Amino acid sequence: MAAQMLSVASPSSAKTFPRSLHLESPYLSPSAIKSHVIATLCSPLPLNRLFMLRQETSKSFASNWALECTRKRLPRSPRSRRGHQPVFMMLPTANPERASHDKPTKWSARAIKAFSMAELEARKMKYPTTGTEALLMGILAEGTSPASKYLRANGVTLFKVRDEAVKLLGKSYPLYTSPEHPTLTEPAQKALDWAVDEKIKSGESGEVTTTHMLLGIWAQKGLAGQQILANLGFDDKNAEELAESIKEEVALSSK
Numbered sequence: 001m002a003a004q005m006l007s008v009a010s011p012s013s014a015k016t017f018p019r020s021l022h023l024e025s026p027y028l029s030p031s032a033i034k035s036h037v038i039a040t041l042c043s044p045l046p047l048n049r050l051f052m053l054r055q056e057t058s059k060s061f062a063s064n065w066a067l068e069c070t071r072k073r074l075p076r077s078p079r080s081r082r083g084h085q086p087v088f089m090m091l092p093t094a095n096p097e098r099a100s101h102d103k104p105t106k107w108s109a110r111a112i113k114a115f116s117m118a119e120l121e122a123r124k125m126k127y128p129t130t131g132t133e134a135l136l137m138g139i140l141a142e143g144t145s146p147a148s149k150y151l152r153a154n155g156v157t158l159f160k161v162r163d164e165a166v167k168l169l170g171k172s173y174p175l176y177t178s179p180e181h182p183t184l185t186e187p188a189q190k191a192l193d194w195a196v197d198e199k200i201k202s203g204e205s206g207e208v209t210t211t212h213m214l215l216g217i218w219a220q221k222g223l224a225g226q227q228i229l230a231n232l233g234f235d236d237k238n239a240e241e242l243a244e245s246i247k248e249e250v251a252l253s254s255k
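Numbering (the UniProt record's numbering), first residue to last: 1 to 255.
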């Protein structure tokens, strides 16, 4: 009887069935779908109630299936037996061969922060690049390193360096927006490389510090950072004192 009703059902009567009733089991075979429809026609329950029951059953099946999937153990990636690899803090260098050395010289955390502050100072000044004057500002803006403390003790402050930079380089266009990471100028890159080279030549252990960076700025004679230091009273005698302080720090750390 149900089969006859199915065969004589008109297209208009088929439209009364909820569309999702035929789509809730997309993986059923045609014979299974036919049996499903026959069972629906022969059911004493109202069509709407039957549809809600089927929908709840489908949701329950989906929940159980998802739960089973979560219980399956995912394949684990093989653990490295080498342990944790040290992460060396590096600054930009013009000599990639040095950076790829088996034991690359690493910068101190304060030097890394000073470099980040140098980029920030260049952006504040609306300069398109990070020059030696910005590196000097970064050392002072970091504020906690022996180099910055020595500069302040000798009358070299961040505000004075900013004023001298404006006098020497001029003001930038007010509406100009600096890039997020202003490119290092060639003199600034040479100052960083000078600091690393001097550290390697000394044969001393430890990190490259802001003191090395400051001496690298002073070594770039006639350029912005060195001229600003000279205008504020910094001279070769101060540079020698800083160099001696590095040796004392190394001697204390080795004890």
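Just so you know, the hints here were simulated from the structure itself, not pulled from any lab data. Model, not experiment: these values are computed from the prediction. Note that CB positions come from ideal geometry on N, CA and C, so glycine has one too. It is possible that part of the hints are untrue.
What the hints assert, rightly or not - Calculated pairs, PhoX-like style, for lysine-lysine (alpha carbon to alpha carbon, straight line, at most 20 Å):
1) Lys-247 x Lys-237
2) Lys-149 x Lys-201
3) Lys-149 x Lys-190
4) Lys-247 x Lys-201
5) Lys-201 x Lys-106
6) Lys-167 x Lys-221
7) Lys-149 x Lys-160
8) Lys-124 x Lys-167
9) Lys-237 x Lys-221
10) Lys-167 x Lys-247
11) Lys-201 x Lys-124
12) Lys-149 x Lys-167
13) Lys-126 x Lys-149
14) Lys-113 x Lys-190
15) Lys-171 x Lys-160
16) Lys-190 x Lys-201
Claimed, not checked - Label pairs and their computed distance ranges (CB to CB):
17) Gly-206 x Ser-116: 36 to 44 Å
18) Ala-109 x Ala-243: 20 to 28 Å
19) Thr-157 x Ala-239: 17 to 25 Å
20) Pro-128 x Lys-237: 33 to 41 Å
21) Asn-231 x Leu-175: 24 to 32 Å
Hint numbers contradicted by this structure: 2, 3, 10, 11, 12, 13 and 17
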